[in-house]
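Engineer: Here the protein sequences come in this chain order: W, Z and F. So the first sequence is residues 22 to 277, counted in my numbering. So the second sequence is residues 2 to 262, counted in my numbering. So the third sequence is residues 183 to 473, counted in my numbering.
These are calculated hints, taken from the structure and not from any lab test. The beta-carbon is built from N, C-alpha and C at its ideal position, and this holds for glycine as well. One thing to keep in mind: the hints can contain errors.
Stated by the list, open to error - Here are the simulated DMTMM-like pairs of lysine to aspartate or glutamate, each with C-alpha atoms no more than 25 Å apart in a straight line: (1) Z:Lys75 to Z:Asp98; (2) Z:Lys26 to F:Asp462; (3) Z:Lys26 to F:Asp361; (4) F:Lys299 to Z:Glu11; (5) Z:Lys148 to F:Asp237; (6) Z:Lys148 to F:Asp361; (7) Z:Lys228 to W:Asp152; (8) Z:Lys75 to Z:Glu134; (9) Z:Lys26 to Z:Glu40; (10) F:Lys299 to Z:Glu63; (11) Z:Lys86 to F:Asp301; (12) Z:Lys228 to F:Glu379; (13) Z:Lys148 to F:Asp462; (14) Z:Lys228 to W:Asp156; (15) Z:Lys26 to W:Glu139; (16) Z:Lys86 to F:Glu373; (17) Z:Lys228 to Z:Glu178; (18) Z:Lys26 to W:Asp156; (19) Z:Lys228 to W:Asp193; (20) Z:Lys86 to Z:Glu125; (21) Z:Lys75 to F:Glu373; (22) Z:Lys86 to Z:Asp142; (23) Z:Lys75 to Z:Asp124.
Claimed, not checked - Among the chain F residues that face chain Z by a calculated CB cut under 8 Å, a handful are: (24) Ala358; (25) Ala366; (26) Val368; (27) Glu430.
One-letter residues, chain by chain:
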Amino acid sequence: MAELHIDGLRLETLRAGRITPLVSGIDLRLRQGCVTALVGSSGSGKSLSCLALQGLTPPGVRCTAGRVALIDGDTRRVPARGQDIATVMQNPRSAFNPVMTMRAHAQETYRGSHSHFEDELRRFATEVGLDVPRDLDLYPFQMSGGMLQRMMIALALMSGARFLIADEPTTDLDLIVQARILDLLVEEVRLRSLGVLFVTHDMGVVARVADEVAVMEHGHIVERGTVERIFHAPAHPATQALINAHLSLYPEHILT
Amino acid sequence: MTLLSCEHVERSYRSDRFFDSRPPKRVLSGVDLTIDEGECLALLGESGSGKSTLGRLILGLERPNAGTIRFRGKPVASFAGPERKSFRRAVQAVFQDSIGAVDPRFSIARIVEEPLRHLTELDETARRQRIVELLKMVSIDPDEMTKLPGQMSGGQLQRVCIARALASNPDLIVLDEAVSNLDLTLQIQTLDLLTELRLRLGTAFLFITHDVRLVRHFADRVAVLHKGSIVEETALTGRLCHPASLALAQAVLPAMPSKAQ
Amino acid sequence: MNDNCNEAILPLETTVHAAGKRNWTMTLALSILAVLALAIIAAPVLAPFDPDAVDIASRLLPPSQNHLLGTDHLGRDVLSRLIHGARVSLGAVALISLLVLVLGVAIGGLSGFIGGKVDQITMRICDVFLTFPTFVLAMFMVGVLGTGMTNVVIAIVLSHWAWYARIVRSLTLSMASRDFVLAARVAGAGEFRIFGEHVLPGVIAQILVLTTLDIGHMMLHVSGLSFLGLGISPPTAEWGVMINDAREFVWTQPTLIAWPGLAIFLTVMAFNRVGDALRDRLDPVLAAEVC
Numbered sequence: 022m023a024e025l026h027i028d029g030l031r032l033e034t035l036r037a038g039r040i041t042p043l044v045s046g047i048d049l050r051l052r053q054g055c056v057t058a059l060v061g062s063s064g065s066g067k068s069l070s071c072l073a074l075q076g077l078t079p080p081g082v083r084c085t086a087g088r089v090a091l092i093d094g095d096t097r098r099v100p101a102r103g104q105d106i107a108t109v110m111q112n113p114r115s116a117f118n119p120v121m122t123m124r125a126h127a128q129e130t131y132r133g134s135h136s137h138f139e140d141e142l143r144r145f146a147t148e149v150g151l152d153v154p155r156d157l158d159l160y161p162f163q164m165s166g167g168m169l170q171r172m173m174i175a176l177a178l179m180s181g182a183r184f185l186i187a188d189e190p191t192t193d194l195d196l197i198v199q200a201r202i203l204d205l206l207v208e209e210v211r212l213r214s215l216g217v218l219f220v221t222h223d224m225g226v227v228a229r230v231a232d233e234v235a236v237m238e239h240g241h242i243v244e245r246g247t248v249e250r251i252f253h254a255p256a257h258p259a260t261q262a263l264i265n266a267h268l269s270l271y272p273e274h275i276l277t
Numbered sequence: 002m003t004l005l006s007c008e009h010v011e012r013s014y015r016s017d018r019f020f021d022s023r024p025p026k027r028v029l030s031g032v033d034l035t036i037d038e039g040e041c042l043a044l045l046g047e048s049g050s051g052k053s054t055l056g057r058l059i060l061g062l063e064r065p066n067a068g069t070i071r072f073r074g075k076p077v078a079s080f081a082g083p084e085r086k087s088f089r090r091a092v093q094a095v096f097q098d099s100i101g102a103v104d105p106r107f108s109i110a111r112i113v114e115e116p117l118r119h120l121t122e123l124d125e126t127a128r129r130q131r132i133v134e135l136l137k138m139v140s141i142d143p144d145e146m147t148k149l150p151g152q153m154s155g156g157q158l159q160r161v162c163i164a165r166a167l168a169s170n171p172d173l174i175v176l177d178e179a180v181s182n183l184d185l186t187l188q189i190q191t192l193d194l195l196t197e198l199r200l201r202l203g204t205a206f207l208f209i210t211h212d213v214r215l216v217r218h219f220a221d222r223v224a225v226l227h228k229g230s231i232v233e234e235t236a237l238t239g240r241l242c243h244p245a246s247l248a249l250a251q252a253v254l255p256a257m258p259s260k261a262q
Numbered sequence: 183m184n185d186n187c188n189e190a191i192l193p194l195e196t197t198v199h200a201a202g203k204r205n206w207t208m209t210l211a212l213s214i215l216a217v218l219a220l221a222i223i224a225a226p227v228l229a230p231f232d233p234d235a236v237d238i239a240s241r242l243l244p245p246s247q248n249h250l251l252g253t254d255h256l257g258r259d260v261l262s263r264l265i266h267g268a269r270v271s272l273g274a275v276a277l278i279s280l281l282v283l284v285l286g287v288a289i290g291g292l293s294g295f296i297g298g299k300v301d302q303i304t305m306r307i308c309d310v311f312l313t314f315p316t317f318v319l320a321m322f323m324v325g326v327l328g329t330g331m332t333n334v335v336i337a338i339v340l341s342h343w344a345w346y347a348r349i350v351r352s353l354t355l356s357m358a359s360r361d362f363v364l365a366a367r368v369a370g371a372g373e374f375r376i377f378g379e380h381v382l383p384g385v386i387a388q389i390l391v392l393t394t395l396d397i398g399h400m401m402l403h404v405s406g407l408s409f410l411g412l413g414i415s416p417p418t419a420e421w422g423v424m425i426n427d428a429r430e431f432v433w434t435q436p437t438l439i440a441w442p443g444l445a446i447f448l449t450v451m452a453f454n455r456v457g458d459a460l461r462d463r464l465d466p467v468l469a470a471e472v473c
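Modelling step: build the complete structure from the supplied sequences, incorporating the hints.
Structural biologist: Right, dumping it as structure tokens:
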């Protein structure tokens, strides 16, 4: 079973003329078949870390340290974006080119042999719940947010990547669509032994999908543990604040 | 006392193009709703149910194709001139995307001042005082009032939008998914702020949302909108029975991790 | 940790300092524009000779101390003609840009904001005007009304206003659908006030950038039409006319064609550079997106 190791990631930016650290030396371990949730309030550096570990940083942000390694048995190498790691992003609508159909998007990133393309595309599109072949010829504006998110997951699966970075993939979707997408993700993790880094601010999502949790605050990971331990015995004040805020919405749990 | 009522409201959209033979798209059909003074009604529905359209109709931004919307008994469509102004004074809104809901060229002070300029007779000094008062109400330092929206976070901007909505001392504020773009901790903080303001000022709220958890936390009564009609309406102490409501309730994320994985 | 392992140190991204590299082009552009402004304002003072003074004895002289850029086929000093020509060329361009801007913003802005059938009809009218290529329209106008700067200006404005109107319209549409316009309505602002306070400022900022970038384009049209003999006619000094005049003598005195050509080139590039900078600075939304 392969693992993805991220060590000592540091990001900084220039703010009002002074160098400001955004992420200060975080370490993460992703295992196949395991969903690790990266939680924290906005501004904690979660999304930036996701971008940085794939080698992408927004303009104005500089990565000053960090090592990413894919460890498979005895070998150790640099993971390739799109082959070893795939991404599912927050706003599916902005992730698609408005003048390309779904099929065209799949063709753009497909690396396998030409003759297998159509079969694989149909297989994955059906698996994520799209209407095949009708939906494959649609343009993004003809599809809802939920459908686009499903397509993004299908593209991620088609790449054959063993690791998935999901950056708040359900935040913009309504409750029912969100539940279905999360079910789909959990199922795919189980079927294909995917290793997932799931960034979110919603502890309800964490309770639904995560096995392990890492809590970020102001660019540091302040606590990590299994999902049960984090929920039942949060140690760091930041974690406690998140758990308490989350539980306040579930009146039946206040007395626990 | 009934503040606002919708009677058999219908709304369809048709395109403006000449020679367009497609039938108009019906978004709302036969919606009946009432909001009483000082109460908090949640309008629950999944995306595509027509909630935002109903919000815009209630705000008087669009006209229904059939049915009537009444404010304090009088039809909103008949308002003109001073009556329209007093309706606007009484019904305000906070929108979902705080960054999009403010003019990026206006300072915070000017944003909050806009309803004061158009809907009240206050002079400049009085307006300035009111702006300071409003910013303090939403826990924003009045010294920040010269800042531009680009210099503030989404959460802070949403509080500015709340201050703007409170400016004319409205009777009803429509919250159109007003907290959906904030992270969970901020969502709860914002709703708590609104509850506190409601107790202090007696404002009624129409809380449009798709998140059942927030409804339980914030509202007195809930109406469920599904495919353009109200399918269920109940006080929070009651239970939701309609299949559309149950679908929403079941989709709620769990409180605790389950061992099933 | 194994020394042979080829883990990646993540690549360093540049910070906002990248902007420093572009500053020299901006300085150059502003200098060129400053020189132009000087030429326009102080032409009679700066020009060493009368641009229309014919002196056949000194025709086609190469650059010398007396005539810094040489003389043309009629013995007129090239430098003086270049300086006076700036007035004519840029004056026409300024007038055209202003008219096209006003027409485009008024028609496109109102059409986009009012919407509905008014918008549909206006856009169909725009489509009609968009089908005219500038040169064809100019030749038609000249054929009907005669040559001269006025007709050149009218022709260029008529063929370009629709393009601007369309752009302004789509900018207006995207502005008008933003939530802050709805919020302004809820706050009690009237429609005209919303158009003037919220929609127009944003639209004008963006269209102004386009106008600046387009000045080079307009310049080429004015000079091009004059070159074809449809606009300014000789003996008036104008850069396009000068190029036309110099055509015959390109083997005898090649520098003659180079000077006005260089002037046009530098002016167009300078305006393009300034337009770029304006675009980067003027819209607070764009500026905020960088960091």
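Engineer: For each hint, tell me whether it holds in the structure or not.
Structural biologist: Comparing the hints with the structure gives:
1. Among the hinted pairs, lysine 75 of chain Z with aspartate 98 of chain Z is inconsistent with the structure: their alpha-carbon atoms are about 31 Å apart, more than 25 Å.
2. A distance of roughly 41 Å separates the Cα atoms of lysine 26 of chain Z and aspartate 462 of chain F; the hinted pair therefore is violated under the 25 Å criterion.
3. With a CA separation close to 22 Å, the supplied pair lysine 26 of chain Z and aspartate 361 of chain F stays within the 25 Å bound.
4. Our distance criterion of 25 Å between C-alpha atoms is met by lysine 299 of chain F and glutamate 11 of chain Z, whose separation comes to about 23 Å.
5. Of the supplied pair hints, the one linking lysine 148 of chain Z and aspartate 237 of chain F is violated, its CA atoms being roughly 65 Å apart against a limit of 25 Å.
6. A hinted pair counts as satisfied when its Cα atoms are at most 25 Å apart, and lysine 148 of chain Z with aspartate 361 of chain F qualifies at roughly 20 Å.
7. A threshold of 25 Å between alpha carbons decides the hint, and for lysine 228 of chain Z with aspartate 152 of chain W the separation of about 22 Å falls inside it, so the pair holds.
8. Of the supplied pair hints, the one linking lysine 75 of chain Z and glutamate 134 of chain Z is violated, its CA atoms being roughly 32 Å apart against a limit of 25 Å.
9. Of the supplied pair hints, the one linking lysine 26 of chain Z and glutamate 40 of chain Z is violated, its CA atoms being roughly 32 Å apart against a limit of 25 Å.
10. For the suggested pair lysine 299 of chain F and glutamate 63 of chain Z, the alpha carbons sit about 18 Å apart, so the restraint of at most 25 Å is met.
11. Of the supplied pair hints, the one linking lysine 86 of chain Z and aspartate 301 of chain F is violated, its CA atoms being roughly 28 Å apart against a limit of 25 Å.
12. Between the alpha carbons of lysine 228 of chain Z and glutamate 379 of chain F the distance comes to roughly 37 Å, so the proposed pair goes past 25 Å and is violated.
13. Between lysine 148 of chain Z and aspartate 462 of chain F, the direct Cα distance comes to roughly 21 Å. Compliance with the 25 Å bound is thereby established for this hinted pair.
14. Taking the CA atoms of lysine 228 of chain Z and aspartate 156 of chain W, the gap is about 23 Å. The hint holds against a cut of 25 Å.
15. Distance check on the hinted pair: lysine 26 of chain Z and glutamate 139 of chain W sit about 35 Å apart at the alpha-carbon level, beyond 25 Å; violated.
16. The straight-line distance between the Cα atoms of lysine 86 of chain Z and glutamate 373 of chain F is roughly 14 Å, inside the 25 Å bound, and the hint therefore holds.
17. A threshold of 25 Å between alpha carbons decides the hint, and for lysine 228 of chain Z with glutamate 178 of chain Z the separation of about 18 Å falls inside it, so the pair holds.
18. As the CA atoms of lysine 26 of chain Z and aspartate 156 of chain W are separated by approximately 22 Å, the hinted pair is consistent with the 25 Å bound.
19. With a CA separation close to 20 Å, the supplied pair lysine 228 of chain Z and aspartate 193 of chain W stays within the 25 Å bound.
20. Among the hinted pairs, lysine 86 of chain Z with glutamate 125 of chain Z is consistent with the structure: their alpha-carbon atoms are about 20 Å apart, no more than 25 Å.
21. Between lysine 75 of chain Z and glutamate 373 of chain F the CA atoms are separated by roughly 24 Å; this keeps the pair inside 25 Å, and the hint holds.
22. As the CA atoms of lysine 86 of chain Z and aspartate 142 of chain Z are separated by approximately 30 Å, the hinted pair breaks the 25 Å bound.
23. Restraint check: the Cα-Cα separation between lysine 75 of chain Z and aspartate 124 of chain Z comes to about 30 Å, which exceeds 25 Å; the hinted pair is violated.
24. The restraint placing alanine 358 of chain F at the interface with chain Z is violated, with a minimum CB-CB distance near 12 Å, outside the 8 Å limit.
25. Here the hint on alanine 366 of chain F is kept, as its CB sits about 6 Å from the closest CB of chain Z, short of 8 Å.
26. With a least beta-carbon distance of about 5 Å to chain Z, the hint placing valine 368 of chain F at the interface is held under the 8 Å criterion.
27. Against a cut-off of 8 Å between C-beta atoms, the interface hint on glutamate 430 of chain F is violated, since the closest Cβ of chain Z lies about 55 Å away.
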